[in-house]
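Order-wise, the sequence lines are chains A and B. Sequential numbering from 395 applies to the first sequence in our numbering. Sequential numbering from 884 applies to the second sequence in our numbering.
It should be emphasised that the hints constitute simulated quantities derived from the structure, not laboratory data. Beta carbons are placed, not taken as given, at the ideal position from N, Cα and C, and that holds for glycine. You can take every hint at face value.
Label pairs and their calculated CB-CB ranges:
hint: 1; chain 1: A; residue 1: T402; chain 2: B; residue 2: A951; range: 56 to 64 Å
hint: 2; chain 1: A; residue 1: S529; chain 2: B; residue 2: S887; range: 56 to 64 Å
hint: 3; chain 1: B; residue 1: P943; chain 2: A; residue 2: R552; range: 18 to 26 Å
hint: 4; chain 1: A; residue 1: T402; chain 2: B; residue 2: V963; range: 50 to 58 Å
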Amino acid sequence: MINVRTGTNSRILSVGAYQPSRIVANSEIIEKIESTDEWIRQRTGIETRRFAAADESVLDMAEAACRQALDRAKISMDQIDTVILATITYPYQAPSAATALIARLGNPKAAAFDINAACAGFCYGVGMAKDFIRSGSSTHVLVVGVEKLSDFTDPYDRATAFIFADGAGAVVIGPSVDPGIGPTIWGSDADSREAIVMEPSWNVFRDGAPEGIWPNISQQGQTVFRWAVFSMSKAGLRALDAAGVSPDQLDAFIPHQANVRIIESMAREMKLPEKVIIARDIRTSGNTSAASVPIAMSALLAEHPQLHGGLALLIGYGAGLVYAGQVVQLPPKP
Amino acid sequence: MALSQAEVLVGIKEIVEEVAGIPAASIEMDKNFTDDLDVDSLSMVEVVVAAEERFGVKIPDDQVSELATVGDAVNFIVKVSA
Numbered sequence: 395m396i397n398v399r400t401g402t403n404s405r406i407l408s409v410g411a412y413q414p415s416r417i418v419a420n421s422e423i424i425e426k427i428e429s430t431d432e433w434i435r436q437r438t439g440i441e442t443r444r445f446a447a448a449d450e451s452v453l454d455m456a457e458a459a460c461r462q463a464l465d466r467a468k469i470s471m472d473q474i475d476t477v478i479l480a481t482i483t484y485p486y487q488a489p490s491a492a493t494a495l496i497a498r499l500g501n502p503k504a505a506a507f508d509i510n511a512a513c514a515g516f517c518y519g520v521g522m523a524k525d526f527i528r529s530g531s532s533t534h535v536l537v538v539g540v541e542k543l544s545d546f547t548d549p550y551d552r553a554t555a556f557i558f559a560d561g562a563g564a565v566v567i568g569p570s571v572d573p574g575i576g577p578t579i580w581g582s583d584a585d586s587r588e589a590i591v592m593e594p595s596w597n598v599f600r601d602g603a604p605e606g607i608w609p610n611i612s613q614q615g616q617t618v619f620r621w622a623v624f625s626m627s628k629a630g631l632r633a634l635d636a637a638g639v640s641p642d643q644l645d646a647f648i649p650h651q652a653n654v655r656i657i658e659s660m661a662r663e664m665k666l667p668e669k670v671i672i673a674r675d676i677r678t679s680g681n682t683s684a685a686s687v688p689i690a691m692s693a694l695l696a697e698h699p700q701l702h703g704g705l706a707l708l709i710g711y712g713a714g715l716v717y718a719g720q721v722v723q724l725p726p727k728p
Numbered sequence: 884m885a886l887s888q889a890e891v892l893v894g895i896k897e898i899v900e901e902v903a904g905i906p907a908a909s910i911e912m913d914k915n916f917t918d919d920l921d922v923d924s925l926s927m928v929e930v931v932v933a934a935e936e937r938f939g940v941k942i943p944d945d946q947v948s949e950l951a952t953v954g955d956a957v958n959f960i961v962k963v964s965a
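Based on the provided sequences and hints, a complete structural model is requested.
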């Protein structure tokens, strides 16, 4: 016989976010692409986004978001036994960003690793954190989504230059008497993995890539839009159903901030009642991939303090194509 | 059973009215989705998915960009329903 451990229920204790100080308006983006402010707003809802400074790293942003989340939870880094970091823009394969982060935060002994589930990474992390605590493997988990997509976006690509942005968001997940995180509905549509890619592979640099070649992100907009709106709204409804929460009981909808048109269409497809407050943080933050859900959560709670402790549907989806969603109880007021 | 051009046109008019807010009366076979009806590439996806559900047909992503006019869409749907 082998002994097993059993853990507890869990909930999100706090959320923190960090966005770089530089605000980039559409007028700056269109200097390099043939487009207009109006066209970008109409197609994406984005008015401004944040770009990190050249010397501002993924780790700098992740650290700032984590410090805010720890501070709001009144949890010290010593109490964190597990760190899950979701990113696709940390420019090292090894060691992981998560281990560099725990060293900076002052607990170099915690379990720490990176995950790559693109724009769904944060929601994958939340699901894993809940399961680690449920199984007794972890007690307090820091889940971080962070991206510096400005490093991997072609400013001359008319399909993506205005979409992607930089930032970090983090949550502390810890034990709770009542369950505060519902079952994770997750999966992939790997037959559509060409729909969002970062190419070419690093191998081209070993082989002497021509100047200007760089693994920038590109996507097939219509394919992603169709999948996001029609498959992800179904996944969102499954997450509600699995949690035993009806749309009427929901207080907020915080989907990955990919495009305001996707967000609006998903809410319509899911027939969410008018009273559900919908995160549309993309307007001033752009699409920050793995960081978008926690950044949007932090902004929504600042704007609507009555949402603290309320029920929110989270859903992340992106390159793979992969997705994950769950109903969560939003963190209490710090 | 193949759908008739007339019944598909009626359905497309209703869908475009709902998705893009264009009055059905102003939607004719020769209207260009982008230039005449202001249906952009993302709204076009919504039109296509609604049409798939309504008519029980599949319109692949690579076909969507070929459907420039209302007539193109109507004729494609009639053809694949046969």
